[in-house]
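J.: Throw the hints in and build the complete structure from the sequences for me.
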Amino acid sequence: MSTETAPAGSIPTFAIMPEALTAIERHGIETYPHECCGALLSSGDVIIATFALANSTDGPAARRFLVGPDQYRRAEQWAAERGGTLAGFYHSHPNHPARPSQTDLEYAWPNFLYIIVSVVEAVPRDITCWRLREDRSAFERGDLRSWRTES
Amino acid sequence: MAHRILIPTPLRPYTGQLGEVEADGPTVGDVLSALTLRYGDLRRHLYADDGKLRSFVNVYVNDEDIRYRDKERTPLNPGDVISIVPSVAGGAPVSAPEALPELTNDEVQRYSRHLIMPEVGVDGQRRLKAARVLCVGAGGLGSPAALYLTAAGVGTVGLVDFDAVDASNLQRQILHSTRDVGRSKLQSARDRLSALNPEVHIQTHETMLSSANALDIFRDYDVIVDGADNFATRYLVNDACVLLKKPNAYGSIFRFEGQASVFATPDGPCYRCLYPEPPPPGLVPSCAEGGVLGVLPGVIGTIQATEAIKLILGAGRTLAGRLLLYDALTMKFRELKLRRDAECPVCGDNPTVTALIDYEQFCGIPRAAAAAPAALPAELETSVEQLRAGLDAGNPIYVLDVREPQEFQICRIPGSTLIPLGQLPARLAELPGSSDEREIVVHCKSGARSAKAVRLLREHGFDRVTNLRGGILAWIDKIDPTLPKY
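Chains as they are written, first to last, in our numbering: chain A, 34 to 184; chain B, 3 to 488.
Heads up, none of these hints are tricks.
Here chain A is said to cover these stretches of chain B; the calculated rule only asks that three of the stretch's residues, wherever they fall, bring their Cβ under 8 angstroms from a Cβ of chain A:
1) 59–70
2) 83–89
One side only, chain A facing chain B, incomplete, derived with CB under 7 angstroms:
3) R96
4) L99
5) V100
6) G101
7) Y105
8) L119
9) F122
10) S134
11) Y140
12) W142
13) P143
14) N144
Some chain A residues well away from chain B (every beta-carbon gap over 12 angstroms; in silico):
15) A48
16) T55
17) A56
18) A171
19) E173
20) W180
Just so you know, the hints here were simulated from the structure itself, not pulled from any lab data.
Remember, it's a predicted structure, so these values are computed and weren't measured experimentally.
By construction, the Cβ of each residue, glycine as well, lies at the ideal position given by its N, Cα and C atoms.
T.: Below, the structure is given as structure tokens:
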């Protein structure tokens, strides 16, 4: 995966194994109407697996997700055990579009990939991916390509 | 001394992809400063603009979160390892207009009288469906407000209360029925509201609203409907609304009069602009003490629901900047203009209240004594059993009732004389004086007003005067259960 900001006008592309995409959608259906969240594992340039995490928010789980420090450490450990890199996190937006919210922006980490799946009435709709701008001012949208269709 | 610092994956691009670096300093703060001095790009991701560590940045010394030690002043020992551990958080937006939920065919039918009005229409009804409104209190004001908001199709109606339904609530709190007496108000409210509109999500918060939980509860609502019955909660609701920038559809009632307004809108005034300080405790009686016309909260709570719905729709002109006064006896509505006070301690230009405070203390309610009546020494008290025995034995006892005439009409202790507390100073001559052999036993409903009367009488030289502990309520409980309680 590239860590560089794409030149203006072009959209950086991220490849993901279709199994990982399906796992994200399935997790979003399972926890609907609450938000799901999980970690993304990459190897080289491709997101190869996901790791479902418990949503530990104190707020309403329908509208918030939180991966606390303990869960974060588990995610790092999981990535290391599999010989990959922790590439970022995914979460669902029940009944909302797959676009980052202000909350997402405030809590965003640089260099991580954020995948958002919109789940409406328990049916997954759009799935999008985002990366925080270096100056933290906004998210930049990436293009998520299923790895097999690309090759 | 140099300490090892473990860098998480997303920050490694700023440390030359190193997962572990070293920096020097006696405290965690010093080490982090040294670190961000060397790797400048780290700074904006670790620290917010105000120079504080971002809330989702967790710093551990060995296995301990520095929040539970001395935060950034936590001292370091040789060999301590510092870890920067992310929390990853986010969530769906509060309301994105393009994400408004669709209406089902059943909903189109149910809300058809809304849908045919241009001020609501399909888009407005979808906005209502997406909206979340919190009613503080499931009592007099919260009842009509929650019922109408639920009927109108507001997607989520929240309720905060911790009380149980009492028989004396039913005269005005129309969420609850006779069979609900003794039940939790929120369970009763949930049943009633779900029966009215099963599509609405009823979110209950069975807790006493406090400075510790108000922001967390309010955060996920779009509009707050304040139906608080006391000043401490009213100031708490106001300040929390201002801090979170949530509009507050305010209402309050007493006897035959009510007030309503909308506070904490952008540029609009807040409750503190109107009333910077609470009245001294005891000056303004509560509805429990002073009474309230049962239908009055119906009028005011319905106005609050109207304003909440207008705020959601963005339709019409709300009561922001206006205080509506209603007098049921003369059936007159009046209006006062309100302006945001630039000096307001919470919504002014230079606010001094930037976090929730202790509102009980602010309103002058001593913590321990909040619920306890002003206690008299035991030798100045008489129990209901002692009074009964004394009367039965034919002892010369003058029973003085200091309640109001309308209370006297409900129930009385046989042979008692009524002089309301307010008239007592002017009517001392009617009481048995020092040459009289009779002792005076004073009572009211539960003992608080009569304790004041006992103090007043002793200051005026009456030395054979005592307070009936527990008032006429104790008399009814222990001596004469045939009398009605109120």
